[in-house]
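Turn these sequences into a full structure, and let the hints guide you.
Going down the list, the sequences are from chains V and D. For the first sequence, the positions run 1 to 114 when our numbering is used. For the second sequence, the positions run 1 to 116 when our numbering is used.
Because the hints were derived from the structure by calculation, they are not lab data. For glycine and all other residues, C-beta sits at the position ideal for the given N, C-alpha and C. Among the hints, erroneous ones may be present.
Straight-line C-alpha distance at most 16 Å; calculated EDC-like pairs for lysine to aspartate or glutamate [claimed, not checked]: (1) V:K49 with V:E66; (2) V:K101 with D:E104; (3) V:K49 with D:E104; (4) V:K109 with D:D38; (5) V:K101 with D:D59; (6) V:K101 with D:E30; (7) V:K109 with V:E15; (8) V:K78 with V:E66; (9) V:K101 with D:D56.
Partial list, derived from the structure: chain V residues whose beta carbon lies under 8 Å from chain D [claimed, not checked]: (10) Q45; (11) L46; (12) K49; (13) L51; (14) F90; (15) M94; (16) V102; (17) G105; (18) I106; (19) G107.
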Amino acid sequence: AQSVTQLDSQVPVFEEAPVELRCNYSSSVSVYLFWYVQYPNQGLQLLLKYLSGSTLVKGINGFEAEFNKSQTSFHLRKPSVHISDTAEYFCAVMRSGGYQKVTFGIGTKLQVIP
Amino acid sequence: EAQVTQNPRYLITVTGKKLTVTCSQNMNHEYMSWYRQDPGLGLRQIYYSMNVEVTDKGDVPEGYKVSRKEKRNFPLILESPSPNQTSLYFCASRLRTGEANTGELFFGEGSRLTVL
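Below, the structure written as structure tokens:
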């Protein structure tokens, strides 16, 4: 079975400061990893994904994440946040290849303070 | 425009009154799924469907039914709603197989259900 742990339920950060949202996963096989973002009153949309290859993945809106197999982590980072980044962020994992179930973390609420 | 459409977006109902939340996608995706989102619990899968006439239980199926008679539609049925089904519901779809299948899910905008 696979699982995802998002270590912080809420992260307050000042505007233009850097941010890191932490995600650890558990799986005995190779995986695909995802970060989704949910803006207020909206559905989730894909921010970025890791399938294979380079461990540093760049996504939309200036976000990036690094896959670390040895530490089973996939932390999300942005060097300078904006007010518009205020949202909830979900890390997700799926066993690679064909159909597999996607497991979500409980989410991290990023609050950007002006 | 590629999208997943859910209706209704907001609904208040009473215990025991059957309701259906519709979901439709226009991307020809084989796989569709329903999730509920609750504070502190993240997204939990209710039911999923790998193709027409193929459905299976997710992690929290109790109190829900689904059907998949057409590829594009995947309605969620609450036969006898109870207050513990008050939640935010999301429908999602994706490709199931093939090289283009990267696991990315496409979500609807959500349906907020309140059961009194």
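Here is what the structure says about each hint:
1. The suggested pairing of K49 (chain V) with E66 (chain V) holds, with an alpha-carbon distance near 10 Å, which does not exceed 16 Å.
2. Of the pairs offered as hints, the one joining K101 (chain V) and E104 (chain D) holds, with about 11 Å between alpha carbons and a cut-off of 16 Å not exceeded.
3. A distance of roughly 8 Å separates the Cα atoms of K49 (chain V) and E104 (chain D); the hinted pair therefore holds under the 16 Å criterion.
4. Of the pairs offered as hints, the one joining K109 (chain V) and D38 (chain D) holds, with about 14 Å between alpha carbons and a cut-off of 16 Å not exceeded.
5. The suggested pairing of K101 (chain V) with D59 (chain D) holds, with an alpha-carbon distance near 11 Å, which does not exceed 16 Å.
6. For a cut-off of 16 Å, the pair hint linking K101 (chain V) to E30 (chain D) stands: about 14 Å separates their Cα positions.
7. A hinted pair counts as satisfied when its Cα atoms are at most 16 Å apart, and K109 (chain V) with E15 (chain V) qualifies at roughly 15 Å.
8. In summary, the hint linking K78 (chain V) to E66 (chain V) is supported, as the alpha carbons are separated by about 12 Å, within the 16 Å threshold.
9. A threshold of 16 Å between alpha carbons decides the hint, and for K101 (chain V) with D56 (chain D) the separation of about 12 Å falls inside it, so the pair holds.
10. Because the closest C-beta pair between Q45 (chain V) and chain D is about 7 Å apart, less than 8 Å, the hint holds.
11. At its closest, the beta carbon of L46 (chain V) sits 5 Å from a beta carbon of chain D; the interface hint therefore holds under the 8 Å criterion.
12. Interface hint status for K49 (chain V): upheld, as the beta-carbon distance to the closest one in chain D is roughly 6 Å, under 8 Å.
13. The beta carbon of L51 (chain V) is positioned within 8 Å of a beta carbon in chain D (closest approach about 6 Å), and the interface hint is therefore held.
14. Taking 8 Å as the C-beta cut-off, the interface hint given for F90 (chain V) holds, the closest approach to chain D being about 7 Å.
15. About 4 Å separates the beta-carbon of M94 (chain V) from the nearest beta-carbon of chain D, less than 8 Å, and the hint is met.
16. Nearest Cβ of chain D to the Cβ of V102 (chain V): about 6 Å, under the 8 Å cut. The hint holds.
17. Among the interface hints, the one on G105 (chain V) holds; its C-beta lies about 6 Å from the nearest C-beta in chain D, closer than the 8 Å criterion.
18. Of the supplied interface hints, the one on I106 (chain V) holds, with its beta-carbon coming within about 4 Å of a beta-carbon of chain D, less than 8 Å.
19. With a cut of 8 Å, the hint placing G107 (chain V) at the interface with chain D holds, because the nearest CB-to-CB distance is about 5 Å.
Hint check: no violations occur; every hint is consistent with the structure.
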